[in-house]
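**Q** Chain residues, written in single-letter form:
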Amino acid sequence: MTGDHQTLALLLFSAFVAVTLGITTWVSRHRHGSAEEFYAGGRLFSPMENGFAIAGDYMSAASFLGISGLIALFGYDGMLYSVGFLVAWLVVLFLVAELVRNCGRFTLADVVAARMSERPVRIAAGTSSVTVSVLYLVAQMVGAGSLVALLLGGTSQAAQSWTVIAVGALMVIYVSLGGMRATTWIQIVKAVLLLGGTVVLTVLVLVRFHGDVDQLLLTAAERSGHGRSFLAPGLKYGGDWTARLDFISLGLALVLGTAGLPHILSRFYTVPTARAARRSVVWSIGLIGGFYLMTIVLGFGAAAIVGPETVRGSNAAGNTAVPLLALDLGGGADSTGGTVLFAIVAAVAFATILAVVAGITLASSASVAHDLYASLRRRRAKPRSEVAVARTAAVGIGVIAIALGLLARDLNVAFLVGLAFAVAASANLPVLLYSLFWRGFTTRGAVWSVYGGLIPAMALVLLSPVVSGSPESLFPGVDFQYFPLQNPGLVSIPLGFVAGWLGTVTSAEVADEAKHAETEVRSLTGAGAV
Amino acid sequence: MQSSNARPRGSEGDAESPAENHDGLDTAGAEASAGVRYDDPWYDELASGWGETGGDGTPVAPVATARAQREDRAAAAADVYLEVQRSAAFQEVRSRYRRFVVPAGIGFFTWYVAYVVTATSAPGLMARPVAGAVNVAMVAGLGQFLTTFLLTWAYARHARLRRDRAALELRWDTQELTRTARGGASS
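Top line first, the protein sequences correspond to chains D and X.
FYI, the numbering for the first sequence is 284 to 813, going by this note's numbering.
FYI, the numbering for the second sequence is 15 to 201, going by this note's numbering.
These are calculated hints, taken from the structure and not from any lab test.
Remember, it's a predicted structure, so these values are computed and weren't measured experimentally.
Glycine is no exception: its CB is placed at the ideal position from the N, C-alpha and C atoms.
Treat the hints loosely; a few may be bogus.
Chain X side only, calculated, beta carbon under 8 Å to chain D, not exhaustive [unchecked claim]:
#1 ALA141
#2 THR162
#3 PHE163
For each label pair, taking beta carbons as the anchor points, the in silico distance ranges come out as [claimed, not checked]:
#4 D:GLY479 x X:LEU139: 31 to 41 Å
#5 X:LEU139 x D:VAL496: 14 to 24 Å
#6 X:GLY146 x D:THR593: 24 to 34 Å
#7 D:HIS493 x X:VAL153: 19 to 29 Å
#8 D:VAL496 x X:GLN105: 42 to 52 Å
#9 X:ALA145 x D:LYS798: 53 to 63 Å
#10 X:ILE120 x D:GLY679: 18 to 28 Å
#11 X:TRP167 x D:VAL496: 19 to 29 Å
#12 D:ASP497 x X:ALA103: 22 to 32 Å
#13 X:GLN105 x D:ARG511: 51 to 61 Å
#14 D:ALA452 x X:LEU139: 48 to 58 Å
#15 X:THR124 x D:GLY569: 19 to 29 Å
#16 X:ALA103 x D:PRO777: 29 to 39 Å
#17 X:ALA145 x D:GLU592: 26 to 36 Å
Work out the full structure: start from the sequences and follow the hints.
**A** See the structure below:
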């Protein structure tokens, strides 16, 4: 890439950073450092604002870069991500958003701990939330890394590493200075930018084909070298039975994982009521659905206009398909239009990564301070010091995410996000649903259900081809691969549910009728909600 | 705070929920209550079955009155929740919620799993052309988008017309009862 691209993209990105840092300082003017303010932004966002912020939190670099890349390389099989990511919101809307808003204060553990013996449940739920968040963060960091690699021509390792470090540092600044209020506004700005950028590119793709979607699909199929089968499932996941099971596993993880993502759950606490939480989800489903429909067009557009070979040549995992598409749509590498459009897309993608990363860091620092720290050191954990702990935790999580992000550089980001979803669906969703809907659920059931989902999910990832035993894995040199699937969801999600059931039926403790009544009444009516 | 509140008795202790006043009272609620039963597309078809099986069917003796001595504030407040849980009004709200969520949830989940499984196990079927470049797989994928949007709309509408108002009343009642229970115990 030429110097023009770099300069312009960096300029736009710096503008975004400046604006968001401005927001951070501006909104934290009157901040009084309470936990309410830091974790929930004062709980007074409107449904529309929160809907945009949820969409901003959810439409990650993985979606923007990863899914379009997968579609560009493998055609229809990439579309499964789009469908799964969207359908998942029905689980959130039906079973989680309102009830969680009514029952909890800041985190997932609040909902569960209300019915149970608090300490073990908080530690379990806090641990799994932090694990999910770190996995998700790594995906975003990898996205940032591959974007920089493209921007700088893929030569400079050092520059790539420094960018990942810079992204990490910025996110820590946003989160620890601005808390939820600043993070929310950053999400909103980013969601608007990302949707705007996607609309422009989609329109340009459609204009290129004179609005003829049929022609677009046919050209993509032809250019892919696979013919019509490019438009049908099977190119990526259609081989042997392991590949097919992997596809089903991923599909399950996507649809069940969203409702267990800590940074999504924490967003429902930023609105005043359950009704507002529901309306924010309706907003976000509209925005997210529109966005994913457009990523499908962009993916096939990249296949048709750029061609899978060029995409693969730039980044083997396909993460750079959209920036390359933008370059071509603007008029090619040497034109002004191409330069500008490429720079805009690169800057938007950066902004996306930065915002998502800030949201996750905030949620996981809340888990560390509000659940883990508060449980392990109950006496001294006053609200004010809890916020201080959360700020420190944000720094620690940032460091871990940077380190892992540098390590996992060559994995497809959409796929990495699939892993985070699998862990969320296995460890967080069963315990959440059981607590809300099962009268007989006990403390042991809650603890077992979290660890019974978390430990198998993590263990299966470690034993999977992702980590070892194949040329594309994290450690290609060694081989301790015993589990054939890349995504553990198919096994670990049922295990999480079974473990919760088993723990409950084997425990001597009888579920507290009154506490269940309280959870049920509160979750459906909002009585006593904060 | 009081002036904007349609349920005056809820206004005394609303410090915990300042937000209700600008958001909680839904505008649709008033005109909705009359025509709900006929408006709601989900109500008639699904009215039988789900709510009943999902409810906590076992008849429970009214324990609340039996506990004459309420020494413990927390215990008193906890009884309030048990009392509310057993009230007909709450059971109605709960069964309305379940009558929508259970069939709709099972429906979309089955449809999604069927889609994913078909995509993997029967690629031949999915590759069958429908019109031009569009094949069965494309139609099914876009169909998932469409059903998601439709269910979102249906759920939001159902909740707005059939749950919100009753739930809000229960909220005030419960908070009122909790306050009285606490106050009574402490004085």
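**Q** Give a verdict on every hint.
**A** Do the hints match the structure? See the list:
1. ALA141: holds, 3 Å
2. THR162: holds, 5 Å
3. PHE163: holds, 6 Å
4. D:GLY479 x X:LEU139: 31 to 41 Å: holds, 39 Å
5. X:LEU139 x D:VAL496: 14 to 24 Å: holds, 22 Å
6. X:GLY146 x D:THR593: 24 to 34 Å: holds, 26 Å
7. D:HIS493 x X:VAL153: 19 to 29 Å: Roughly 23 Å apart at Cβ, these two residues keep to the hinted range, so it holds.
8. D:VAL496 x X:GLN105: 42 to 52 Å: Distance hint for VAL496 (chain D), GLN105 (chain X) holds at roughly 50 Å.
9. X:ALA145 x D:LYS798: 53 to 63 Å: holds, 57 Å
10. X:ILE120 x D:GLY679: 18 to 28 Å: violated, 42 Å
11. X:TRP167 x D:VAL496: 19 to 29 Å: holds, 25 Å
12. D:ASP497 x X:ALA103: 22 to 32 Å: violated, 55 Å
13. X:GLN105 x D:ARG511: 51 to 61 Å: holds, 55 Å
14. D:ALA452 x X:LEU139: 48 to 58 Å: holds, 51 Å
15. X:THR124 x D:GLY569: 19 to 29 Å: holds, 24 Å
16. X:ALA103 x D:PRO777: 29 to 39 Å: This hint holds: roughly 37 Å between Cβ atoms.
17. X:ALA145 x D:GLU592: 26 to 36 Å: Cβ of ALA145 (chain X) to Cβ of GLU592 (chain D): about 29 Å, so the range 26 to 36 Å holds.
Violation of the numbered hints given earlier is confined to hints 10 and 12; the remaining hints are satisfied by the structure.
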